[in-house]
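Enquirer: So the numbering used here is basically just the index in the sequence shown, starting at one, shifted up by 11.
Mixed in with the good hints, there may be bad ones.
Unchecked claim - In silico lysine-lysine, BS3-like type, Cα no more than 30 Å apart, as pairs:
1) LYS92 with LYS68
2) LYS235 with LYS135
3) LYS115 with LYS135
4) LYS182 with LYS135
5) LYS92 with LYS201
6) LYS68 with LYS235
7) LYS135 with LYS192
8) LYS235 with LYS115
9) LYS92 with LYS115
10) LYS115 with LYS68
As the list claims (entries may be wrong) - Using C-beta positions, here's what the derived DEER-type ranges look like:
11) PRO99 with GLU196: 25 to 31 Å
12) PRO26 with PRO99: 22 to 28 Å
13) GLU147 with SER228: 27 to 33 Å
14) ASN106 with ARG36: 38 to 44 Å
15) ARG36 with ASP215: 15 to 21 Å
16) LYS192 with SER139: 21 to 27 Å
17) LEU213 with ARG27: 25 to 31 Å
18) PRO26 with THR171: 36 to 42 Å
19) HIS205 with GLU147: 26 to 32 Å
20) LYS192 with ASP240: 23 to 29 Å
Hints are computed from structural coordinates only; laboratory data are not their basis. Ideal placement from N, C-alpha and C gives every residue a C-beta, glycine not left out.
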Amino acid sequence: VAAEVRAVDGVIDCPRVRLRRSGNRSFVDLNVNIDRAVGLERAHDVALEIERRICVKIPPADMMVHTEPTEGDEQLVDRIKVMADRTPDILDVHNILAHEIEGKIYLDLHLTVTPLLTLGEAHKIADSLEETVRSEMENIAMVTHIESNLHFLASGEDITSSSGSMVNLVKNVAREEAALKDCHEVTVRKVNDHLSLTLHCLFDENLVISEVHEVSSRIEDRVKGAIPDVDAVLVHVEPS
12 VAAEVRAVDG
22 VIDCPRVRLR
32 RSGNRSFVDL
42 NVNIDRAVGL
52 ERAHDVALEI
62 ERRICVKIPP
72 ADMMVHTEPT
82 EGDEQLVDRI
92 KVMADRTPDI
102 LDVHNILAHE
112 IEGKIYLDLH
122 LTVTPLLTLG
132 EAHKIADSLE
142 ETVRSEMENI
152 AMVTHIESNL
162 HFLASGEDIT
172 SSSGSMVNLV
182 KNVAREEAAL
192 KDCHEVTVRK
202 VNDHLSLTLH
212 CLFDENLVIS
222 EVHEVSSRIE
232 DRVKGAIPDV
242 DAVLVHVEPS
């Protein structure tokens with residue numbers, strides 16, 4: 012039920028679901044978080060759509076939908092997860108890093124997809140999520156698909172232009188991996204006095220995701236070993 016509710020456009024989260032049966036009828040009581048910026052009429056439409064969907068899934072059902080306004084920025088991670096839930100073939104999205112630079116929010120996140128998908132197939136899925144995020148959220152400058160152990164919103168600074176030697180070193184280290192076709196772009200950011208690197212790497216589109224993930228992890232470890240001052244290394248994979 013919660014997954015069906017989260018799939019409704021305009022819903023941020025469904026934190027509580029209560030179900031009970033009496034005779035041949037089901038009684039459903041929902042708490043639903045919607046964006047505070049949504050107007051009353053739109054909130055009503057969202058509630059009606061939720062009722063319609065649940066009644067299809069659990070007929071006959073008596074519904075009670077409690078809509079609760081939620082500040083969108085406070086639910087950034089939840090909103091991304093909801094969008095991922097609506098994207099076919101995404102099993103999970105986690106380790107979300109968000110930081111703000113000059114008024115724009117940069118997102119880095121890790122997607123889990125079916126391991127037997129090729130890189131080309133997985134990249135199309137990732138592109139689909141990117142399009143959804145950009146269409147539903149303002150001021151999103153970039154969405155990458157990586158692994159990270161960070162998940163906070165912080166102010167940052169792009170220092171790529173003044174980090175030429177580091178960029179070249181990172182590219183050379185990444186290119187030591189035989190399975191990598193190229194590392195064509197490196198972004199260096201300073202967030203709360205911590206360095207974060209994003210690498211854009213090209214792989215054969217026919218490689219399975221499990222192998223791409225292993226190579227990406229080795230690249231992250233190599234870069235961290237070569238540059239101890241770096242706190243996070245994020246590898247964005249692209250098919251070639």
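Enquirer: Evaluate each hint against the coordinates.
Expert: Status of each hint after checking the structure:
{"no.": "1", "hint": "LYS92 with LYS68", "result": "holds, 22 Å"}
{"no.": "2", "hint": "LYS235 with LYS135", "result": "holds, 29 Å"}
{"no.": "3", "hint": "LYS115 with LYS135", "result": "holds, 24 Å"}
{"no.": "4", "hint": "LYS182 with LYS135", "result": "holds, 25 Å"}
{"no.": "5", "hint": "LYS92 with LYS201", "result": "holds, 26 Å"}
{"no.": "6", "hint": "LYS68 with LYS235", "result": "violated, 49 Å"}
{"no.": "7", "hint": "LYS135 with LYS192", "result": "holds, 19 Å"}
{"no.": "8", "hint": "LYS235 with LYS115", "result": "holds, 27 Å"}
{"no.": "9", "hint": "LYS92 with LYS115", "result": "holds, 20 Å"}
{"no.": "10", "hint": "LYS115 with LYS68", "result": "violated, 40 Å"}
{"no.": "11", "hint": "PRO99 with GLU196: 25 to 31 Å", "result": "holds, 28 Å"}
{"no.": "12", "hint": "PRO26 with PRO99: 22 to 28 Å", "result": "holds, 25 Å"}
{"no.": "13", "hint": "GLU147 with SER228: 27 to 33 Å", "result": "holds, 31 Å"}
{"no.": "14", "hint": "ASN106 with ARG36: 38 to 44 Å", "result": "holds, 42 Å"}
{"no.": "15", "hint": "ARG36 with ASP215: 15 to 21 Å", "result": "violated, 55 Å"}
{"no.": "16", "hint": "LYS192 with SER139: 21 to 27 Å", "result": "holds, 23 Å"}
{"no.": "17", "hint": "LEU213 with ARG27: 25 to 31 Å", "result": "violated, 45 Å"}
{"no.": "18", "hint": "PRO26 with THR171: 36 to 42 Å", "result": "holds, 39 Å"}
{"no.": "19", "hint": "HIS205 with GLU147: 26 to 32 Å", "result": "holds, 29 Å"}
{"no.": "20", "hint": "LYS192 with ASP240: 23 to 29 Å", "result": "holds, 28 Å"}
The structure fails to meet hints 6, 10, 15 and 17 from the earlier list, while all remaining hints are met.
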